[in-house]
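Chemist: Spelled out, the chains give:
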Amino acid sequence: MNLLERGIEAVLFASDAPLSAGELARIDESLDEDGVERVIAGLQDEYRRRGRAFDVYEIAGGFQLLTRPEFAPVLERFDTIPVTNRLSSAALETLAIIAYRQPVGRAEIEQVRGVGAGSVLKTLSDRELVDVVGRGEGLGRPLLYGTTPRFLEHFGFRSLADLPRNDEMTVVLAERAAGEQDGG
Amino acid sequence: MNLLERGIEAVLFASDAPLSAGELARIDESLDEDGVERVIAGLQDEYRRRGRAFDVYEIAGGFQLLTRPEFAPVLERFDTIPVTNRLSSAALETLAIIAYRQPVGRAEIEQVRGVGAGSVLKTLSDRELVDVVGRGEGLGRPLLYGTTPRFLEHFGFRSLADLPRNDEMTVVLAERAAGEQDGG
Amino acid sequence: MSGADPFAVELERFQGPLDLLLHLIRKQDIDIFDIPIATVTRQFLDAVERMQRLELDRAGEFLELAATLVRIKAQMLFPGPVEHEADDPRAELVRRLLEYEHFREAARVLERAERERARHSARGYTPPRPALRAAVAPLHTEWDEVEQALASLAARLSEPEPEYRVRTPEVRVEEKIELILAALADRRRVEFSALVSPWGTRMHAVTSLLACLELAKRHLVRVRQSAPFAALWVMRPAPERP
Numbered sequence: 000m001n002l003l004e005r006g007i008e009a010v011l012f013a014s015d016a017p018l019s020a021g022e023l024a025r026i027d028e029s030l031d032e033d034g035v036e037r038v039i040a041g042l043q044d045e046y047r048r049r050g051r052a053f054d055v056y057e058i059a060g061g062f063q064l065l066t067r068p069e070f071a072p073v074l075e076r077f078d079t080i081p082v083t084n085r086l087s088s089a090a091l092e093t094l095a096i097i098a099y100r101q102p103v104g105r106a107e108i109e110q111v112r113g114v115g116a117g118s119v120l121k122t123l124s125d126r127e128l129v130d131v132v133g134r135g136e137g138l139g140r141p142l143l144y145g146t147t148p149r150f151l152e153h154f155g156f157r158s159l160a161d162l163p164r165n166d167e168m169t170v171v172l173a174e175r176a177a178g179e180q181d182g183g
Numbered sequence: 000m001n002l003l004e005r006g007i008e009a010v011l012f013a014s015d016a017p018l019s020a021g022e023l024a025r026i027d028e029s030l031d032e033d034g035v036e037r038v039i040a041g042l043q044d045e046y047r048r049r050g051r052a053f054d055v056y057e058i059a060g061g062f063q064l065l066t067r068p069e070f071a072p073v074l075e076r077f078d079t080i081p082v083t084n085r086l087s088s089a090a091l092e093t094l095a096i097i098a099y100r101q102p103v104g105r106a107e108i109e110q111v112r113g114v115g116a117g118s119v120l121k122t123l124s125d126r127e128l129v130d131v132v133g134r135g136e137g138l139g140r141p142l143l144y145g146t147t148p149r150f151l152e153h154f155g156f157r158s159l160a161d162l163p164r165n166d167e168m169t170v171v172l173a174e175r176a177a178g179e180q181d182g183g
Numbered sequence: 000m001s002g003a004d005p006f007a008v009e010l011e012r013f014q015g016p017l018d019l020l021l022h023l024i025r026k027q028d029i030d031i032f033d034i035p036i037a038t039v040t041r042q043f044l045d046a047v048e049r050m051q052r053l054e055l056d057r058a059g060e061f062l063e064l065a066a067t068l069v070r071i072k073a074q075m076l077f078p079g080p081v082e083h084e085a086d087d088p089r090a091e092l093v094r095r096l097l098e099y100e101h102f103r104e105a106a107r108v109l110e111r112a113e114r115e116r117a118r119h120s121a122r123g124y125t126p127p128r129p130a131l132r133a134a135v136a137p138l139h140t141e142w143d144e145v146e147q148a149l150a151s152l153a154a155r156l157s158e159p160e161p162e163y164r165v166r167t168p169e170v171r172v173e174e175k176i177e178l179i180l181a182a183l184a185d186r187r188r189v190e191f192s193a194l195v196s197p198w199g200t201r202m203h204a205v206t207s208l209l210a211c212l213e214l215a216k217r218h219l220v221r222v223r224q225s226a227p228f229a230a231l232w233v234m235r236p237a238p239e240r241p
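Quick mapping for you: the protein sequence lines, in order, are chains H, S and V. The numbers in numbering that gives the first Met the number 0 rise by one with no breaks, and the one at position 51 of the first sequence is 50. The numbers in numbering that gives the first Met the number 0 rise by one with no breaks, and the one at position 126 of the second sequence is 125. The numbers in numbering that gives the first Met the number 0 rise by one with no breaks, and the one at position 24 of the third sequence is 23.
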């Protein structure tokens with residue numbers, strides 16, 4: 000392993016969040032983003048060959064060292080290993096609306112879900128999963144919300160393009176309706 | 000690498016505190032403390048042979064994965080932000096006023112430019128282009144700024160007498176005179 | 000007593016009125032494009048009434064949709080000449096149900112992704128990083144730039160004084176909405192002037208009024224005035240019964 004690989008491994012190891020290829024390239028003047036990606040491919044290859052318990056994953060537009068999923072049951076037994084709190088159904092529904100409709104205002108979220116969104120939005124903001132990204136037109140120039148890089152990290156998405164497209168989601172009622180319309 | 004080694008590596012990687020051999024033995028019924036220590040010795044040996052950027056260290060009665068000390072300079076370099084090598088227009092304007100009006104106080108600079116000068120003066124001082132050269136008369140005996148030898152060196156002037164005569168400065172001076180009349 | 004009611008658990012489970020309605024429709028294998036509105040409305044109102052009896056805080060959230068269902072039922076009883084599908088009084092409801100179901104499905108996709116991500120752990124201990132230090136880069140500034148800056152400063156100073164504008168602090172309708180809802184949290188009604196008097200400016204009055212209208216539109220308050228120029232009362236909506 001050469002010095003650049005070792006340096007990138009050290010920085011990935013010491014970081015508590017994903018780092019982009021551009022950020023990692025700061026390690027050495029000779030490195031550009033392509034170079035960083037080649038080094039990371041080399042690390043991944045070596046980790047897999049040697050059967051390491053962790054790997055380099057591509058998340059939120061960057062790279063992060065994470066344990067491989069098959070170790071989850073072992074890690075659960077240790078209370079010094081931090082666990083991320085899961086989100087409630089209300090929070091997940093609200094987050095789904097924000098993720099697909101962003102930028103979106105509170106009124107529209109409430110209209111879609113049929114219930115108030117104030118406390119859920121506060122929870123999501125406190126956990127830095129959403130943030131105010133602008134102001135809308137119209138009455139009171141409402142705050143508009145969008146997702147954050149932390150959102151991508153929480154769900155392990157590389158980018159917003161990783162969100163399943165609408166046509167990939169199975170919606171039982173809508174499917175049935177489409178079928179009936181075709182038939183009729 | 001066997002399954003026990005991989006499990007211990009995963010736990011050491013993900014734990015936020017050092018774990019003792021006894022605690023690590025919880026991974027598998029077949030393991031006792033001696034067994035854990037043998038597994039850890041095996042991991043250390045492998046990390047060193049493969050030139051990994053991290054190693055298992057014994058800290059506070061427990062084991063923890065940490066980056067090797069020789070990577071400290073890499074991590075430190077990574078944590079520095081290169082400051083831009085250009086001056087902002089605010090800094091350039093302030094530098095011009097100081098160059099032509101020295102010694103000059105902060106209040107006068109702020110009066111001419113119409114905005115606060117604190118952070119700009121700090122940038123120029125950090126850059127060693129200006130420095131405090133004395134104190135003015137009047138309330139609070141304000142600090143007076145002037146250019147430094149480094150300023151002359153940087154712009155290639157032998158002395159302040161080399162500064163090009165500048166008609167624009169008359170406008171700025173006029174403004175200053177008006178400001179003083181208003182003030183008096 | 001009410002805590003032992005098995006329905007309490009079931010009703011708490013619903014994320015909102017649309018979730019409950021979708022559940023009723025799906026459970027009975029109803030064609031969403033031909034909802035038997037009278038039946039579904041009765042079932043929905045039963046559920047809401049049970050919620051109120053169980054004093055579930057969230058019953059209020061279900062009233063708006065209950066009102067919508069009752070209105071649609073009335074429109075179905077006295078149909079005008081129906082020529083287009085869009086004239087179906089149920090059309091908007093169907094659109095909302097499909098839209099909601101879409102996002103409910105998206106939420107499940109997110110939940111799966113969350114579960115998958117939770118099987119990976121990041122490094123548990125990350126050493127404290129030194130505060131980001133500024134490394135001073137070499138300066139690339141020419142004297143020309145200093146002179147240009149001086150010229151632009153001089154040009155700016157010779158311009159006529161810009162018109163002086165008074166900046167008034169922004170008063171947001173959203174803030175007023177929260178104030179009004181807070182004021183109504185512990186009483187049934189509040190006089191409009193009482194909402195405005197602490198600030199007394201025209202801006203606050205106008206924003207408060209906009210907030211009241213917005214809340215009324217969302218059926219979260221009712222606004223009543225017995226006569227022109229009489230006191231304007233802002234009231235909590237009464238739970239309406241069909």
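The hints are simulated quantities; they were obtained by calculation from the structure and are not laboratory data. Warning: the hint list may mix true and false statements.
Unchecked claim - List time: in silico EDC-like cross-link candidates among lysine to aspartate or glutamate, alpha-carbon distance up to 16 Å: (1) Lys216/V / Glu109/H; (2) Lys121/H / Glu91/V; (3) Lys121/H / Glu190/V; (4) Lys216/V / Glu63/V; (5) Lys72/V / Asp33/V; (6) Lys121/S / Glu109/S; (7) Lys216/V / Glu107/H; (8) Lys72/V / Asp87/V; (9) Lys121/H / Glu177/V; (10) Lys72/V / Glu91/V.
To be verified - If the Cβ cut is set under 7 Å, some of the chain V residues that face chain H in the computed set are: (11) Glu11; (12) Ala58; (13) Leu109; (14) Ala112; (15) His119; (16) Asp143; (17) Ala181.
C-beta: ideal position from N, C-alpha, C; glycine also.
Chemist: Against which earlier hints does the structure fall short, listed by number upward?
Modeler: 2, 3, 11, 12, 16, 17
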